[in-house]
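Asks: If you want the building blocks of each chain, they are given just below.
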Amino acid sequence: MSRGLKTTIAILALLVVFGLITLPSLRQAVQRMSATQRTEEQARRDVMQVPVSTPTDVKVKAQMYWLSTASPASLEATAIELPLSADPVERSKQLLLALITNAPSTSQRTLPPDALLLAFYLQPDGTGVADFSDALSAETPSGIQSEQLAVDSIVRTLGANVNVIRQLKILIHGQETDTLAGHLDLSGLFSVSPPSAAAAPASPVPDAPVTTGAVKTTTTTPARAPLSPTKQVPQ
Amino acid sequence: MVVLDPAHGGADQGARGESGLAESDIVLSFARLLRISLEAQGLRVLLTRQANDDPTFDDRSKTANAQRGAVFITLHVSSTGKPGTARVYSLAQDGGAPVNRGTGQPRTVLVRWDRAQQGYLDLSRKLAELIQIQMAQRFRGSAETPTTAAVRQLRTVAAPAVAIEVSSVSLPDRTQLDKMAPVLADSVARAVAAFRLVYEAGVK
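Those protein sequence lines, which keep their order, are chains A and B. FYI, the working numbering numbers position 219 of the first sequence as 219, with every residue one higher than the one before it. FYI, the working numbering numbers position 143 of the second sequence as 143, with every residue one higher than the one before it.
A hint or two may mislead.
Claimed, not checked - Which residues of chain B face chain A? A few of them, derived with a C-beta cut under 7 Å, are:
#1 Ala-15
#2 Gly-17
#3 Glu-18
#4 Ser-29
#5 Arg-32
#6 Thr-80
#7 Gly-81
#8 Thr-85
#9 Tyr-89
#10 Val-151
#11 Arg-152
#12 Pro-182
#13 Ala-201
Calculated from the structure, these hints are not laboratory results. The structure displayed is predicted, hence computed values, not measured ones. Think of the CB as a built atom: it goes at the ideal place given N, C-alpha and C, for glycine as much as any other residue.
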C-alpha cells in the first residue's frame, strides 16, 4: 500500500471519527433551532393576536370545520370545547382564532398558522366582516379546491356556532381583494347557513375542562358543497 | 369557438410545488395540446395567452365575450389534492337578479359586466358535467360529478364557462402531469364536441 493511500485512509478515518463525535451535538443544535422557530412563531402570535376573553364566556362544545382525515378534499365537523362569549362579535373572533390555532393536526389545517384575525365586525343585517392579515392570502395553498376549503371552513364554523350571521365578507388587511390566493373570488358575500341538525348548535358544557379535538362527529362536508358569494345588485 | 385560458402567467406563477413545478407553465402546455385536440374536432380555438404573460381576469373574459357562441375553459393545476385526478368547476349561483337560465339569456337588457356569467350557469353546469364524466372515466379517483365554486375567472365570462383543475404541483416532477396532458386534451375535446350540439341548438 502506497504512502499516499495510507494517508488518505487515515484522513478519512479521522473525519469519520470526528463526524461520530459531533453528530449528537449537531442533532441537538438542529432540535434547538426548530424549537426556537416554534417559539418565535408563538411569540409573534402572542404579540399580534391577543386572546379574546369576555365576562360572558361559557365553555361550550363548538362545531369546528377542519379537513377530514379520511378524505382531505372535504371538511369534517369536529366538536371541541371552547370558552365562547355570548356576544356574537367576540364569539366569532374566538371561533376564528380557534380555527387557526386549534386544528387537531397539521394535515387538517384549513388556514395558515401565521394568519391573524385583525378585526371582526357585525352589521345589523347579519353581515359579518372578517378582516385577516396578509398571511391568509399569502400562505393559503394556491388552488380552487384549497381556497374553497379555507373559506368553507370559516363560513361553516361561524354558521354552526353563531346564530345571527347570515352572510360573510372576507377582507385582507382591511382591503377588499379579488381572490384569496389567485382563484377563489372574495369580492362578494358568502352565505352563512344557520346551525342545522347535521351541524348541531353549540351547547354549553358547564365546568368542563377545555380540550381540543375531544369529540368528532360523523358529519363530513364534501368539498363540492357550493359556497355562494352573493352580491347586492340594484333591481 | 372555444376560448382556452391557461391561468396565471408572467410574475404570477400560480401554484408552486416544492420541486419547482409552476402552475402557469403546466397549464400553458396543457392548453397547447388541448388546442390541437379541439381543432381536430372541427372547433376554432383561441388562447387567452400564448406565452408567459399575465392578462387580467377581465382581459381574459373579454377574449371570450367578444366571440359569439363561445365556450370558455380555464385551466389550472392545484397545490393539493390526489395526484393524477382532475376536478371540473362551474360558477356557484350568487343569488343576484333573476335570469332566464334555460336559454342563457338574461331577462333584463342590461347585465352587469362583473356578473356576466349569471346568465349561463345552467349551460356551464352542463358543460362541467360532460367534462367531469370524462375525467372520472380517464383519471381514476376523480369525482363523478362537477363542483360549483366562486371561481373569480368565471364570474365575468358571458358564455358557458368552466374551470378544470388538475392535481397537482406537489408531484416530484412533471412526468405524471405530462402523461395526463394528451388524455386530458382528448377527454375535454370529446366533452366539448358533445356539448356543442346542445349549445349550438340553443344559440340558433
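Asks: Check the structure against each numbered hint from earlier and tell me which ones fail, lowest number first.
Replies: Structure breaks hints 2, 3, 4, 5, 8, 12, 13.
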